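Q: Sequence:
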Amino acid sequence: MASELPKTYDSQAAQTRWVEYWLSRGLCDAEPDPARQQHTIMIPLPNVTGALHMGHCLNGTVQDLLTRWRRMQGYSALWMPGTDHAGIATQAVVERRMLEEEGLTRHDIGRAALVSRIWKWKDDYEARILNQLKQIGSSCDWRRVRFTLDEVCSRAVRRTFFRMFDDGLVYRGKRLVNWDTYLQTAVADDEVFHEDVAGHFWTMNYPVVDQQGQPVGRSISFSTTRPETMLGDAAVCVHPSDERYADLVGRLVRIPVIDRCIPIIADGLLADRTLGTGVVKVTPAHDPNDYACGLRHGLPMINILNPDGTINAAGGEYAGLDRFEARKRVVARMEALGHLEKVEDRVIPLMHSDRSKTAIEPYLSDQWFVKMDRLAQDAIDAVEDGRVRFFPQRYTRTYVDWLAEKRDWCISRQLWWGHRVPAWYDESGHIYVARTEAQAQEQAQAKHGKPVALTQDNDVLDTWFSSALWPFSTLGWPEQTPELKTFHPTNVLVTGFDIIFFWVARMIMMGLKFTGEVPFREVYITGLIR
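With this note's numbering applied, the sequence shown closes on residue 1487, and no number is skipped along the way.
Calculated from the structure, these hints are not laboratory results.
One or more hints might be untrue.
What follows is a set of in silico ranges between Cβ atoms, one per label pair, in the way DEER data are often shown [stated by the list, open to error]:
1) E1394 - L1061: 25 to 31 Å
2) P1264 - A1395: 30 to 36 Å
3) G1067 - M1029: 51 to 57 Å
4) G1125 - D1302: 45 to 51 Å
5) G983 - D1146: 41 to 47 Å
6) P1349 - I1388: 42 to 48 Å
7) Q1092 - R1364: 29 to 35 Å
8) H1010 - D1358: 24 to 30 Å
9) T965 - N1088: 39 to 45 Å
10) G983 - R1331: 42 to 48 Å
11) E1384 - D1265: 23 to 29 Å
12) N1088 - R1112: 26 to 32 Å
Computed list of lysine to aspartate or glutamate pairs in EDC-like fashion (alpha-carbon distance at most 16 Å, straight line) [what the hints assert, rightly or not]:
13) K1091 - D986
14) K1363 - D1147
15) K1314 - D1147
16) K1470 - D1338
17) K1470 - D1330
18) K1314 - D1414
19) K1404 - D1414
20) K1131 - D1414
21) K1328 - E1362
22) K1407 - E1384
23) K1470 - D1123
24) K1404 - E1436
25) K1131 - D1323
26) K1328 - D1153
27) K1314 - E1152
28) K1077 - E1052
29) K1363 - D1330
30) K1079 - D1107
31) K1079 - E1052
Quick caveat: nothing in here was measured; it's all calculated off a predicted structure.
For every residue, glycine included, the Cβ atom is placed at its ideal position computed from N, Cα and C.
My request is simple: use the sequences and hints to build the entire structure.
A: The structure is reproduced here in structure tokens:
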């Protein structure tokens, strides 16, 4: 029977017809087959925060071309699909919507109810994301969709944490972290950016006092961009060779706004006699350089902030004020008391959270960390000896420079959405790392000789901790599945340059640590659609 040929090409009808044809016949499926060469690409897992954009389309097109090319050559070509729970970003968007639409916060509804809401969000937006990929013709093996919080990936995350804890690579400690006061969680060093903002440079002075706290007729001047932090000052510091202050080292000064006496110390690593007055106020709990100085001199770590950025009880009469309001009042008080010398306008390179776009506060907090020295060096070696190659090659420098810093990685986040830290604490603060509370209780009873009350850690693990395992957790690791034996190591990773250190470096570190192999041999870096 004759049919009329349409006068125009209907792309939508053709798209729907061919997508259904490919999917119904399993033309994109990949099976472990020892008789065939394999080719594997792991999708840079999209966050379930919303719909995909043109950047995903560009990146996916490159992966699709490579996969189809190998498939036509007879390879068993796997393009592994999946999505990321994106801890901070997803919880933030759900909380924001809940507040706008219902006037509720997470504390109003509790942890279980919030997590339930986020799972609903995930289900809706994951379906949307996967459908978008299917509709542009992405030839993934759609039977194998993985999610970073599904049971397969979660088992791998737990095993990784336990192994690293047992190996001494994961530890808990009170350290200075980048604190997002809006989201009230720590963020890693690579999740912050600097932005120049208009600010001020205040020069003030503290009176020198005797051992009884009485003024001796002298003062010592310093400059600061954050006057509110003087509420947490533990010392003032001068250079050991600065003759102007040689006779003051070891003496005391009094902080007028808090009426606390602190010592004058000498430290050549912190103070520079050629800059300003040559004097630095030392606030170990709220500045990285001051923190290092505080460790060297055994200074008290006085935290003056609540998690939301307000002043805590250590701030005396300023307690409860937002830190920026406290700044105004501290300056006004110092001026009224005659200790403000001058104010200069300055452009301040201020650190901001990449997640909330708000100003970061250095904050002393108990967090979980990964020791990076050995892991980072192994990952550097893998690129420098050619086991992993970057295209374009210039991105090798970006990768190596970041890893070479070998800063320990803060992996705990003060969130409710994510892989909850598998650790419990007794009333004495002893830590029990275990798969379940029952196992933690067994450890506690062995220690105490009787059952004890335990509380699970409230924090979750950094999203990048789970996505770092993506090349092998998706294939069933730690089980030696046929898929893991066939499709790992993968062949090529296609991703943007913006996550070379967030994700690429960490996948290589974890792959080497837990499988003994690099997770991919080539990294193709695409541009970004702005």
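Q: Which numbered hints are broken by the structure, listed smallest first?
A: 7, 9, 18, 19, 24 and 26
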